[in-house]
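Undergrad: Next come the chains, spelled out residue by residue.
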Amino acid sequence: MVERLGRGPASVSELAEPLDMSLAGVVQHVRSLADCGVIRTRKVGRVRTCTLRPEALKAAGAWLASQQEAFWKSGMREIARMLEDEDRTRRGKQAGAKARKERRA
Amino acid sequence: MSSRIQARVTHRFNASPERVFDAWTRADSVRRWLTAALKEMGLEGDLREVRADARLGGAYCFSDMRGGQEARHWGTYLEFDRPRRLVFTWITDESEEADPSVVTLTIEPEGSGCIATLVHDMDAAWADYLSRTEQGWGRMLRAIDAPIAASHA
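Listed in order, the protein sequences are those of chains A and U.
2 is the number of the first residue of the first sequence in the working numbering; add one for each residue after it.
294 is the number of the first residue of the second sequence in the working numbering; add one for each residue after it.
None of these hints come from the bench; they were simulated from the model.
For every residue, glycine included, the Cβ atom is placed at its ideal position computed from N, Cα and C.
Check the hints yourself; a few may be wrong.
Okay, the calculated bits of chain A under chain U, using three or more residues with CB under 8 Å as the criterion [as the list claims (entries may be wrong)]:
(1) 38-44
(2) 64-77
Here are a few chain A residues that sit away from chain U, every Cβ distance over 10 Å (derived from the structure) [as the list claims (entries may be wrong)]:
(3) P10
(4) A11
(5) S12
(6) S14
(7) E18
(8) T52
(9) D88
(10) T90
(11) G93
(12) Q95
(13) K102
(14) E103
(15) R104
Produce the entire structure from the sequences given, and follow the hints as far as they go.
TA: Written out as structure tokens, the structure is:
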């Protein structure tokens, strides 16, 4: 629905058309989107027209950035973990070799 | 009304800049940490293809399964200055090819380790967004839609 509104304003029935949803469900969804400020609606005669609010798109952009940031953050964390694992393995091998050498001596 | 949005992350490593740089550009390393990172993000972390032609102008790609579908990510290395600086395009959909987002990784030595800073620069031009609503941004907008729809399903 939000995606459709990204292409321009639409009436509630236009929004409902491609969706596999009851009209009541669509009306409810429109109300939720309006309540949380994603869209603006205006009724002219019997037709209610919905428009995406630019502020919502800005918020969406911030959301996208935060999602991407979370992804790179866990990437960095996992790289650190991987390198620490490598260090541990290497230290383990060195310690093992040293112990064997000492036993032989 | 073109504008950019940026994601920025800094991390300190107890490892040399070379090792951190290689972790980003070697396919076997990328597979290891990416599997864990994707899982951490709540995704399946089921990596399929991971390729990296680690050189200037070289291409990389990886794909992972998300709900039975293969999500592909790809790009090319715009700058390849081991171990200081790596710049690559980050594309998740064909519609982004013309104006891809760009990731810049800078690695500076610090003490016995290094500090890596990553900046992911993305286009936030809404006019442009309108032309590619079907993909990319559309996917994100659907993601906003879904929980709202689910809340009164």
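Undergrad: Does each hint fit the structure? Answer for all of them.
TA: Evaluation of the provided hints:
Only when three residues or more bring their CB closer than 8 Å to a CB of chain U does the claim for the stretch 38-44 of chain A stand; here the count is 1, and the claim is violated. Chain U is given as covering the stretch 64-77 of chain A, and this holds because 13 residues of the stretch bring a CB closer than 8 Å to a CB of that chain, at least three being needed. At roughly 12 Å, the least C-beta separation between P10(A) and chain U is larger than 10 Å, which holds for a residue marked as non-interface. Against chain U, the non-interface label of A11(A) holds: every CB pair exceeds 10 Å, the least being about 13 Å.
No Cβ of chain U comes within 10 Å of the Cβ of S12(A); the nearest lies about 18 Å off, and the non-interface call holds. Against chain U, the non-interface label of S14(A) holds: every CB pair exceeds 10 Å, the least being about 18 Å. No Cβ of chain U approaches the Cβ of E18(A) within 10 Å, the least distance being about 16 Å, so the stated non-interface status holds. With 10 Å as the threshold on Cβ separation, the claim that T52(A) sits away from chain U holds: the shortest Cβ distance comes to roughly 13 Å.
Listed as outside the interface, D88(A) is inconsistent with that label: its C-beta sits roughly 8 Å from the nearest C-beta of chain U, within the 10 Å cut-off. The claim that T90(A) is not at the interface with chain U holds, since no C-beta of that chain comes within 10 Å of its own (minimum 13 Å). Interface exclusion of G93(A) from chain U stands, the closest Cβ pair being 17 Å apart, more than 10 Å. Taking the minimum C-beta to C-beta distance to chain U, about 17 Å, the non-interface status of Q95(A) holds against the 10 Å cut.
Even its closest Cβ contact with chain U, about 27 Å, leaves K102(A) beyond 10 Å, as expected for a residue assigned away from the interface. No Cβ of chain U approaches the Cβ of E103(A) within 10 Å, the least distance being about 28 Å, so the stated non-interface status holds. At the 10 Å boundary, the C-beta of R104(A) stays outside the reach of chain U, the nearest C-beta of that chain being 31 Å off.
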